[in-house]
Amino acid sequence: MRPSLILRTSAPMLLWLSLLASLYVLVRGHNEPGGGFLGGLVAASGLLFHAIARGPEGVRTLLVLHPVQLSALGVLLAATSGLPAFLGPDGAYLTHLWWFAELGVTLPLGTALLFDLGVYLAVVGMAVAIFIGLLEWKAARAAATEGGE
Amino acid sequence: MSGIALALLVGAGGSAAMAFVPARLAAWLGAGLAASLCAFYAAHLGAVSTGAVPAAAFWGVPALDIAGGLRLDGLALLFALLITGIGALVFLYAGSYMAGDARLRRLLVMLGLFMTAMLGAVTADDAILLFIFWELTSLASFFLVGTNHQSPAARKAALQALLVTGGGGLALLAGLVLVAIAAGTTSISGMIAAAPAVLAHPAAEPAMLLVIAGAFAKSAQVPFHFWLPNAMAAPTPVSAYLHSATMVKLGVYLLARFNPLYQGVALWHELLMWAGLATAATGALLALRETDLKRVLAHTTVTGLGTLVMLIGIAPELSATAAVTFLLVHAFYKAALFLVVGIVDHETGSRDGAALGGLGRAMPLTAVAAGLAAFSMAGLPPFVGFVAKELLYEAKLGAGPASDVLIVLGFLINASMVAVAGVLSLRLFLGASRPTPETPHDPHWAMIAGPVLLALLGLAAGSMPALVADLVVEPAVRAILGRPVAVTLKLWHGFNLVLALSAATVLLGVVLFLAWERIVPGLRRAEAIDRFGPARFYERLLAGTISLAERCTGLVQHGHLHGYIATLFAATAIALLGTLAVRGGFDAPAFAFGALDPRALALVAIVVGVLATVLARSVLVAVMAMGLVGFAVSLLFLLFGAPDVAFTQFAVETLLVVILAAALVILPIATRDDRAPRRKLADAAVAILAGAAVTAVLLAVLATPFDPRLGAWFGANSYPAAHGRNVVNVILVDFRALDTLGEIMVLAIAAFAVVALLRRARTGDAR
Chain P
957 MRPSLILRTS APMLLWLSLL ASLYVLVRGH NEPGGGFLGG LVAASGLLFH AIARGPEGVR
1017 TLLVLHPVQL SALGVLLAAT SGLPAFLGPD GAYLTHLWWF AELGVTLPLG TALLFDLGVY
1077 LAVVGMAVAI FIGLLEWKAA RAAATEGGE
Chain E
298 MSGIALALLV GAGGSAAMAF VPARLAAWLG AGLAASLCAF YAAHLGAVST GAVPAAAFWG
358 VPALDIAGGL RLDGLALLFA LLITGIGALV FLYAGSYMAG DARLRRLLVM LGLFMTAMLG
418 AVTADDAILL FIFWELTSLA SFFLVGTNHQ SPAARKAALQ ALLVTGGGGL ALLAGLVLVA
478 IAAGTTSISG MIAAAPAVLA HPAAEPAMLL VIAGAFAKSA QVPFHFWLPN AMAAPTPVSA
538 YLHSATMVKL GVYLLARFNP LYQGVALWHE LLMWAGLATA ATGALLALRE TDLKRVLAHT
598 TVTGLGTLVM LIGIAPELSA TAAVTFLLVH AFYKAALFLV VGIVDHETGS RDGAALGGLG
658 RAMPLTAVAA GLAAFSMAGL PPFVGFVAKE LLYEAKLGAG PASDVLIVLG FLINASMVAV
718 AGVLSLRLFL GASRPTPETP HDPHWAMIAG PVLLALLGLA AGSMPALVAD LVVEPAVRAI
778 LGRPVAVTLK LWHGFNLVLA LSAATVLLGV VLFLAWERIV PGLRRAEAID RFGPARFYER
838 LLAGTISLAE RCTGLVQHGH LHGYIATLFA ATAIALLGTL AVRGGFDAPA FAFGALDPRA
898 LALVAIVVGV LATVLARSVL VAVMAMGLVG FAVSLLFLLF GAPDVAFTQF AVETLLVVIL
958 AAALVILPIA TRDDRAPRRK LADAAVAILA GAAVTAVLLA VLATPFDPRL GAWFGANSYP
1018 AAHGRNVVNV ILVDFRALDT LGEIMVLAIA AFAVVALLRR ARTGDAR
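Same order as they appear, the protein sequences are chains P and E. Mapping of the first sequence onto the working numbering: position 19 corresponds to residue 975, and the numbering continues sequentially without gaps. Mapping of the second sequence onto the working numbering: position 650 corresponds to residue 947, and the numbering continues sequentially without gaps.
The hints are simulated quantities; they were obtained by calculation from the structure and are not laboratory data. Glycine included, every Cβ here is placed at the ideal spot set by N, Cα and C. Some hints here could point you the wrong way.
As the list claims (entries may be wrong) - If the Cβ cut is set under 7 Å, some of the chain E residues that face chain P in the computed set are:
| id | residue |
| --- | --- |
| 1 | A948 |
| 2 | L952 |
| 3 | G1021 |
| 4 | D1031 |
| 5 | F1049 |
| 6 | V1051 |
Build the full structure now, drawing on both the sequences and the hints.
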């Protein structure tokens, strides 16, 4: 499957646009429609297009980590985001803490954002892992059949 | 934080630290850790012997009414001292025994964690806490028995030990929970204080039997005794520590701990007494069938454990004194003998009691240690073993109507212990020396220190019984009986019936010892013992379970995607319709026809998409048409005020279409639908059934009055409590964050599994 010229040219733009959009969706999720799950899906769609256009290798170099590692990192992040709760007076696991930073505007920061980031990473990693896994499997199969003939 | 809680943290931290230093250093670290913990506990001896009971808060889940907490009474202190004291010697020994072995460090870390778990189990004053530590010791035992994991026999033994003790652990958990419900607290001292309520509860007897079952499995009582000899696949330091001195005594500990609760119940006493006696007799008989010295010791350990359980079962208070004294004695001599057998095995390359002999000239120090320990085992004066044996006979004489049977069987059991002691000392080290695979010599001092010290302790304790009685035995007996008692230990009781029994025991033991070479093959020929043992039952049960699981898996996991999906939908439909049927049909919601809502036009798109999907000739077209259905559904969500769901649905649909389209291009799936007409009809039936079921359930849901309390609560609390205005997201990341955490774990695991599967398929070893 050789991607068309249009796809190959537009893929980088699609990628960065969707990644930006996904971060926006992630951050705004606490007050408006959005959130980690949705952001992760948006980011994953960009990365899948990139994988079709540039091959799985392109996505691998872009992500640095293996997508499964990315997914596991997300779970780890979400799981640890619940730990600071024990610092609080009546801490129960995953009771999120908040810190309202005053930098001219009030910046609401909380461990909930870390949790959502974990969800985001888990979703991105999962989708990318499965998709490029399929692509690579196909490539290996093709190579094997060529070698066999 | 109180000291006894800190001790557990120090133990866990120290064990973890051992993982990061060279193995040789780790052994020293472990020995130092255990020795300092031992000194820490020993510092409590004075206070505890005068009746103080240090307690500490430790873990606890108030939301689940789990109290948590630690308590160091006489019984706990005795065990803690044995665990840490013998632990220090075992660390030293292991460092030398397995020097240069790549598995040494892992073994040491595991031993350290085991020691900590044991300390937690014996100092816990909370049933749930006790259970957690109890299971941790079973897990540690699994890994330690399986140290030599390349050997199938070791793996099998490890699994057997885990399944038997773990299965017992489940029974124990059920029993403890029942007792906790009856007592209204998980605190063990609270349970004992609430004894009348616990015993009056309707489930009191099953609860007691479950607790007993857990203790019996852990302490290798008949019929669970078979796992212990097999656990000898572990390296010798592990066998000496876990399977003789400490872990197997945890069951005995539990029975002693709960004795104040159950000491009025006749069944408790009868069961413990007879099961203990049967175990002791079985161990003694099996010990005389073996020549592998480690297995001989394992069987005599079974005898020791049976004796302890029996003594807890015999009611009067003298037997509690006998139990504690025997526990102490047994820990000293049995650990020493295990370590000696390990040394012999290490230095000669053999541990076959029939082939070895006359090692005393080559390894004099080892011979002395073995002799001292064996004399204590045989119950000869002036060793503490003699004191214990006298008490044992006295307790049996005072056991009421059962005392005749107890005395006669006990006499035979003790005589065979004397014979085994003779084999392990006189036969092994005196007489003509026989050829061995390696030239024997005394080992490194780190290995000989343990047995020598333990054997000398046996001698010292025998020579000053009054001190031992006051400091160690009496506080422990007080804990077992739940009331103060006067304990006097004496080496010399004067000429009486007990002394005559002791003398006769030694005499018969000597006879058995002299005939040992003939007895062993004689008993070996009695193969019936192997054929009908509970070990066979265990094997059959395990094999049966595995083959049942295989057949079930074969039935369900047939590998045809088409079948999976049909099963999934059919099962869902049946479950839904079944639920409706059980609830007595369903009410359709009331309809009121009025002006057509323009938003309903989205439904048209859905219908068109569905028709296109069903009628499509090519799978690719069907995927596209499914996409249309999905987008139309998300449009509906958007129009009816669920932008979050709509947004997610859009994203999921996009990804789904992209992935499916790519998969169709990539995967060798026929893009044309060429199912046989009959197959198509069957699929259509399943599809219609599932659709009808879901529709029926949705209608039934709509007909039920809507309870707005949850929605209202989340709406009201979302911003004040969680600082978010998007209620859906606040629920996901905050109110129900634990659910979300579970879900993303599933995602990560699914990704992991798919990647692993594809990698296997790629490298070509797919089946």
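Do the hints match the structure? See the list:
Taking 7 Å as the C-beta contact cut-off toward chain P, the hint placing A948(E) at the interface holds, the least distance being around 4 Å. Residue-level restraint check for L952(E) holds (minimum Cβ-Cβ distance to chain P is 5 Å; threshold 7 Å). With its C-beta approaching chain P no nearer than about 4 Å, G1021(E) sits inside the 7 Å limit, and its interface hint holds. At about 5 Å, the closest approach between the beta carbon of D1031(E) and any beta carbon in chain P falls short of 7 Å, and the interface hint on this residue holds.
Satisfaction of the interface hint for F1049(E) is found here, the shortest Cβ-Cβ separation to chain P being roughly 5 Å, below the 7 Å cut-off. For V1051(E), the interface hint holds, since its Cβ comes within 7 Å of a Cβ in chain P; the closest pair sits about 5 Å apart.
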